[in-house]
Amino acid sequence: MVAMAEPGDPKGDAAPETILRLAQASQGEPFLAAHHVEAARRLSRLFERARMRQRVTMSYDPTRVGGSKGRPQQGELAASAIEARRLLAGLAERMPRDCWVMLMDVCGYDKGVQQIETERGWPRRSAKLVLRIALDHLARQMGLCAAARGGEATPMRNWLPDRPPMFPEAAKLTL
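Here our numbering is used: the first residue of the sequence shown is 2, the next is one more, and so on.
These aren't lab readings, by the way, just hints derived from the structure by calculation. If you're wondering where the values come from, they're calculated on a predicted model, not measured in any experiment. All C-beta atoms, glycine included, are put in the ideal place defined by N, C-alpha and C.
Pairwise CB distance ranges (calculated):
#1 28 / 115: 15 to 23 Å
#2 151 / 29: 23 to 31 Å
#3 88 / 130: 23 to 31 Å
Could you build all of it, start to finish, from the sequences and the hints given here?
Structure representation (structure tokens):
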């Protein structure tokens with residue numbers, strides 16, 4: 002079961018709406034697994050950090066008053082935005098083009114699958130399949146999979162020595 006984002010969560014911490022809708026099971030098994038949703042959420046956050054979405058409101062930032070018009074130049078971007086763009090470029094290089102464009106439309110620009118199918122002239126329900134394949138590629142690149150893998154559980158260890166109970170009488174009552 003995939004948890005929905007809480008209403009108070011900032012936009013960057015929630016997965017895109019299209020992904021969350023596909024992850025909800027209407028009848029039986031959900032179309033997208035939890036690792037798909039997590040991969041989409043991470044890509045959406047990376048896209049937000051890269052500051053690639055166009056601004057649609059007026060900026061009253063005093064540092065922008067005398068600056069260049071339009072898009073920010075590379076020198077004006079924060080180091081985190083430059084790093085996020087570098088990571089996005091690396092992901093794009095290692096992924097099939099159709100898959101990458103689909104992920105950018107859904108996770109970056111918040112488009113729905115029906116809108117994408119209409120824009121590209123694809124058959125109905127085909128965008129869902131391309132999205133799932135793209136999320137499989139993305140999850141694999143991010144090291145996410147459906148089942149957790151790792152060693153068996155180990156006993157908890159700490160660096161403190163074993164100490165006697167602080168209240169010995171209370172310890173006897175609970176036993």
